[in-house]
Amino acid sequence: MAENKMTFDALVVGGGIAGLQAALDLADQEFKVAIVERDASIGGKMIRLSKVFPTLDCASCITTPKMASAAHHENITIFTYCEMKRLQKLAGGFSASIQQKPRFVDELKCIGCRQCEYECPVYVADPEQGGFSARKAIFVPFSNAIPQVAVLDVENCMLCGKCEKVCPTKAVDYLQQPKDFSIEAKTVILATGIGITPLENKVQYGEGKIPNVITALQMERLLAPHGPYNRVLRPADGMEPDSIAYIQCAGSRDKSMGVPYCSRVCCMYAIKQAMLLSGALPLADVTIYYMDIRAFGKGYEQFYQNAKAMGIQFVKAKVARLTEGENGAVTVHYESQEADGGVTSAEHDLVVLSLGMVPDWNPAGYCEVSTASDGFIRSVKPKLAPTLTDTEGIFVAGAAAGPKDIVDSIAEAGAAAMSAAEYLTVLNSRRRAVA
Amino acid sequence: MRDSTMDNNDKSKKQAMKQLRAERKEMIKAASARMKIQKKKIEAIKEQLNNGERTIPEVAEATGLEPAEVLWFVAALKKYGEVVEGEKDGSFFRYQLAAGLSRAE
Ligand SMILES: Cc1cc2nc3c(=O)[nH]c(=O)nc-3n(C[C@H](O)[C@H](O)[C@H](O)COP(=O)(O)OP(=O)(O)OC[C@H]3O[C@@H](n4cnc5c(N)ncnc54)[C@H](O)[C@@H]3O)c2cc1C
Ligand code: SF4
Ligand code: SF4
Chain A
1 MAENKMTFDA
11 LVVGGGIAGL
21 QAALDLADQE
31 FKVAIVERDA
41 SIGGKMIRLS
51 KVFPTLDCAS
61 CITTPKMASA
71 AHHENITIFT
81 YCEMKRLQKL
91 AGGFSASIQQ
101 KPRFVDELKC
111 IGCRQCEYEC
121 PVYVADPEQG
131 GFSARKAIFV
141 PFSNAIPQVA
151 VLDVENCMLC
161 GKCEKVCPTK
171 AVDYLQQPKD
181 FSIEAKTVIL
191 ATGIGITPLE
201 NKVQYGEGKI
211 PNVITALQME
221 RLLAPHGPYN
231 RVLRPADGME
241 PDSIAYIQCA
251 GSRDKSMGVP
261 YCSRVCCMYA
271 IKQAMLLSGA
281 LPLADVTIYY
291 MDIRAFGKGY
301 EQFYQNAKAM
311 GIQFVKAKVA
321 RLTEGENGAV
331 TVHYESQEAD
341 GGVTSAEHDL
351 VVLSLGMVPD
361 WNPAGYCEVS
371 TASDGFIRSV
381 KPKLAPTLTD
391 TEGIFVAGAA
401 AGPKDIVDSI
411 AEAGAAAMSA
421 AEYLTVLNSR
431 RRAVA
Chain B
1 MRDSTMDNND
11 KSKKQAMKQL
21 RAERKEMIKA
31 ASARMKIQKK
41 KIEAIKEQLN
51 NGERTIPEVA
61 EATGLEPAEV
71 LWFVAALKKY
81 GEVVEGEKDG
91 SFFRYQLAAG
101 LSRAE
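From first to last, the protein sequence lines stand for chains A and B.
Residue 1 is where the first sequence starts when you use our numbering, and the numbers rise one by one after that.
Residue 1 is where the second sequence starts when you use our numbering, and the numbers rise one by one after that.
Because the hints were derived from the structure by calculation, they are not lab data.
Please note that a few of the clues may not be correct.
[Claimed, not checked] In silico DMTMM-like links for lysine to aspartate or glutamate, alpha-carbon gap of 20 Å or less:
id : chain 1 : residue 1 : chain 2 : residue 2
1  : B       : Lys14     : A       : Glu128
2  : B       : Lys36     : A       : Glu155
3  : A       : Lys66     : A       : Glu368
4  : A       : Lys89     : A       : Asp405
5  : A       : Lys66     : A       : Asp106
6  : B       : Lys11     : A       : Glu128
7  : B       : Lys41     : A       : Asp106
8  : B       : Lys29     : A       : Glu155
9  : B       : Lys79     : A       : Glu117
10 : A       : Lys165    : B       : Asp7
11 : B       : Lys36     : A       : Asp180
12 : B       : Lys25     : A       : Asp405
13 : B       : Lys39     : A       : Asp180
14 : B       : Lys79     : B       : Glu47
15 : B       : Lys79     : A       : Glu128
16 : B       : Lys14     : A       : Asp390
17 : A       : Lys383    : A       : Asp408
18 : A       : Lys5      : A       : Glu119
19 : A       : Lys101    : A       : Asp153
20 : A       : Lys179    : A       : Glu200
21 : A       : Lys165    : A       : Glu128
22 : A       : Lys165    : A       : Glu119
23 : B       : Lys79     : B       : Glu61
24 : B       : Lys78     : A       : Glu128
25 : B       : Lys18     : A       : Glu155
26 : A       : Lys165    : B       : Asp10
27 : A       : Lys89     : A       : Asp374
28 : A       : Lys85     : A       : Glu368
29 : B       : Lys18     : A       : Asp153
30 : B       : Lys40     : B       : Glu82
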């Protein structure tokens with residue numbers, strides 16, 4: 001990056017599906033757009049999923065082309081591995097102070113060949129694979145990451161010099177420093193997305209200490225074609241599970257977790273995963289313990305009915321706690337809310353928690369945009385103009401405004417782009433009138 | 001032939017690397033210690049997988065490592081092309097060294 005200050009029409013914060021869609025919609029109208037992404041790759045949660053409800057499209061097959069279109073668009077500039085330190089309002093626009101974290105690899109030289117990764121002797125649990133497999137201390141984030149550029153993680157690096165030696169393009173640069181720069185833009189779209197409540201937060205569910213209790217995001221990896229085992233296995237011992245259970249609302253609609261709201265997508269992703277499991281392990285029993293199924297979208301009720309018809313068990317119950325069973329099994333203690341009711345328990349080989357969704361980023365201290373009581377970015381006209389924040393010129397899109405599925409995130413991203421385009425057009429015509 | 005600017009560049013890089021090593025001393029020490037332990041575990045696992053196809057519990061039993069840890073290393077070694085998945089045995093899969101496989105062929 002030669003210059004320290006760059007100017008664009010719009011700045012999109014967050015390169016998940018919502019941010020990418022908003023950027024593409026603006027760029028197709030000839031606006032110049034910058035996307036700032038905190039991660040080493042764009043794509044957000046969606047690129048990490050296996051298949052997506054309700055169509056069961058392969059997530060990678062439909063996300064990668066969007067990522068590539070944004071990356072190759074002449075009106076879009078993508079800044080990955082960047083932290084936004086501050087977003088300030090100026091006369092007629094905004095200025096964002098950005099810091100690019102050092103990859104210790106020259107982005108322009110690296111060709112993503114992964115020779116460094118193969119050569120590096122240090123294995124590190126790979127969060128991109130739910131921790132179930134390893135990457136190295138220098139690594140390309142994942143196979144369909146964009147950009148395909150290696151990142152060196154200093155905490156696990158011995159500075160042995162092997163990666164530098166093997167790199168065919170001399171891209172490794174142990175001395176790289178953070179780079180500070182600023183982006184000026186007339187409008188901003190916040191598309192910072194969601195995180196999930198940590199597995200460790202709930203005592204009743206074992207605080208992450210019971211083997212073979214995993215998160216739904218980890219199950220996405222087990223089901224993904226490039227997953228850690230390339231098949232569904234129990235992480236504690238490699239057994240192919242015969243019986244898998246889902247615990248719904250594990251962290252949502254739960255005041256003790258600070259998440260009193262419904263996370264909206266968990267019923268649907270659990271049903272989706274259950275269907276995919278039935279395909280991957282035709283002999284396995286899949287049970288979903290639920291309070292009520294919220295199949296809210298178009299075609300979703302049918303999806304739920306199809307799952308029932310496939311033989312997936314739906315047990316209306318409140319799960320009280322999980323305990324470690326025999327031979328790696330997990331015991332689910334629950335209060336049945338079906339005809340005969342009663343407190344009972346069942347054993348499963350693998351238990352998946354449908355965890356709650358929380359905002360990934362809090363704007364407090366970064367910019368003058370406020371959040372609602374649930375922590376998501378406040379929409380000042382939630383019904384009539386859901387993308388408006390309380391700062392004029394800053395719009396919100398996707399799960400940053402509240403838990404949302406992909407369909408709604410994309411629709412809202414289009415709406416945010418439309419509002420931003422309108423804002424830019426008015427601003428530009430006012431400027432012309434003054435001139 | 002090397003010119004003097006090159007020598008100077010080399011010198012300043014060497015100096016900077018020395019300083020970086022000093023700054024990261026603790027991290028480097030910890031990472032090296034972890035790597036050494038990993039190396040031993042990987043050797044023990046590979047030794048088992050070199051003797052033919054083995055399941056995760058079999059390797060765990062023979063090496064004294066936790067099955068979860070064996071699976072973690074096997075998954076990693078498989079990713080980097082050193083281990084291949086073999087036949088299914090009951091509810092478990094068998095794994096073997098890729099090198100062992102090419103020797104057998
Ligand atoms: C287990 C699971 C399964 C799911 N399955 C489905 C499914 O089958 N179908 C479906 O429709 N939906 C599914 N969803 C929901 C889906 O993931 C979301 O709807 C979608 O990812 C929302 O997109 P987004 O772009 O708003 O947010 P995200 O995907 O969260 O992207 C936000 C991006 O912003 C970046 N970011 C955050 N803060 C900053 C910052 N300060 N600066 C720069 N960048 C930042 C993040 O790194 C990320 O890349 C699932 C969710 C989960 C958890
Ligand atoms: S210098 Fe660090 S990243 Fe590179 S090979 Fe050695 S340990 Fe791995
Ligand atoms: S840093 Fe070098 S060796 Fe590593 S992926 Fe990039 S080009 Fe290949």
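Do the hints match the structure? See the list:
Proximity of Lys14 (chain B) to Glu128 (chain A) is assessed by CA-CA distance (about 35 Å); at most 20 Å being required, the pair is judged violated. For the hint linking Lys36 (chain B) to Glu155 (chain A), the alpha-carbon distance of about 16 Å falls within 20 Å, and the restraint holds. Under the criterion of a C-alpha separation no larger than 20 Å, the hint pairing Lys66 (chain A) with Glu368 (chain A) is inconsistent with the structure, at around 30 Å. Our distance criterion of 20 Å between C-alpha atoms is broken by Lys89 (chain A) and Asp405 (chain A), whose separation comes to about 31 Å.
Taking the CA atoms of Lys66 (chain A) and Asp106 (chain A), the gap is about 25 Å. The hint is violated against a cut of 20 Å. Under the criterion of a C-alpha separation no larger than 20 Å, the hint pairing Lys11 (chain B) with Glu128 (chain A) is inconsistent with the structure, at around 39 Å. A C-alpha spacing of about 33 Å is found between Lys41 (chain B) and Asp106 (chain A), which places the hinted pair above 20 Å, so the restraint is violated. A threshold of 20 Å between alpha carbons decides the hint, and for Lys29 (chain B) with Glu155 (chain A) the separation of about 10 Å falls inside it, so the pair holds.
Of the supplied pair hints, the one linking Lys79 (chain B) and Glu117 (chain A) holds, its CA atoms being roughly 11 Å apart against a limit of 20 Å. Restraint check for Lys165 (chain A) and Asp7 (chain B): the C-alpha separation of about 19 Å stays at or below 20 Å, so the hint holds. With a C-alpha separation of about 37 Å, the suggested pairing of Lys36 (chain B) with Asp180 (chain A) is violated against the 20 Å cut-off. For the proposed pair Lys25 (chain B) and Asp405 (chain A), the alpha carbon gap of about 45 Å is over 20 Å, so the pair is violated.
Pair hint Lys39 (chain B) plus Asp180 (chain A) does not hold up; C-alpha atoms about 39 Å apart against a cutoff of 20 Å. Distance restraint check for Lys79 (chain B) and Glu47 (chain B): the Cα-Cα separation of roughly 18 Å lies within the 20 Å cut-off, and the hinted pair is therefore satisfied. At roughly 13 Å between alpha-carbon atoms, Lys79 (chain B) and Glu128 (chain A) fall within 20 Å of each other, so this suggested pair holds. Taking the CA atoms of Lys14 (chain B) and Asp390 (chain A), the gap is about 52 Å. The hint is violated against a cut of 20 Å.
For the hint pairing Lys383 (chain A) with Asp408 (chain A), the CA-to-CA distance comes to about 14 Å; that is within 20 Å, so the pair holds. For the suggested pair Lys5 (chain A) and Glu119 (chain A), the alpha carbons sit about 38 Å apart, so the restraint of at most 20 Å is broken. Proximity of Lys101 (chain A) to Asp153 (chain A) is assessed by CA-CA distance (about 11 Å); at most 20 Å being required, the pair is judged to hold. Between the alpha carbons of Lys179 (chain A) and Glu200 (chain A) the distance comes to roughly 35 Å, so the proposed pair goes past 20 Å and is violated.
With a C-alpha separation of about 27 Å, the suggested pair Lys165 (chain A) and Glu128 (chain A) falls outside the 20 Å cut-off, and the hint is violated. Pair hint Lys165 (chain A) plus Glu119 (chain A) holds up; C-alpha atoms about 10 Å apart against a cutoff of 20 Å. Using a Cα cut-off of 20 Å, the hinted pair Lys79 (chain B) and Glu61 (chain B) is violated, with the two alpha carbons roughly 23 Å apart. Between Lys78 (chain B) and Glu128 (chain A), the direct Cα distance comes to roughly 16 Å. Compliance with the 20 Å bound is thereby established for this hinted pair.
Restraint check for Lys18 (chain B) and Glu155 (chain A): the C-alpha separation of about 17 Å stays at or below 20 Å, so the hint holds. Distance hint between Lys165 (chain A) and Asp10 (chain B) is fulfilled; the C-alpha atoms sit about 15 Å from each other, no more than 20 Å. The straight-line distance between the Cα atoms of Lys89 (chain A) and Asp374 (chain A) is roughly 25 Å, outside the 20 Å bound, and the hint therefore fails. Annotation: proposed proximity of Lys85 (chain A) to Glu368 (chain A) holds, straight-line Cα distance about 13 Å (limit 20 Å).
Pair hint Lys18 (chain B) plus Asp153 (chain A) holds up; C-alpha atoms about 19 Å apart against a cutoff of 20 Å. Of the pairs offered as hints, the one joining Lys40 (chain B) and Glu82 (chain B) holds, with about 16 Å between alpha carbons and a cut-off of 20 Å not exceeded.
Violated hints, listed in ascending order, are 1, 3, 4, 5, 6, 7, 11, 12, 13, 16, 18, 20, 21, 23, 27; each of the other numbered hints is respected by the structure.
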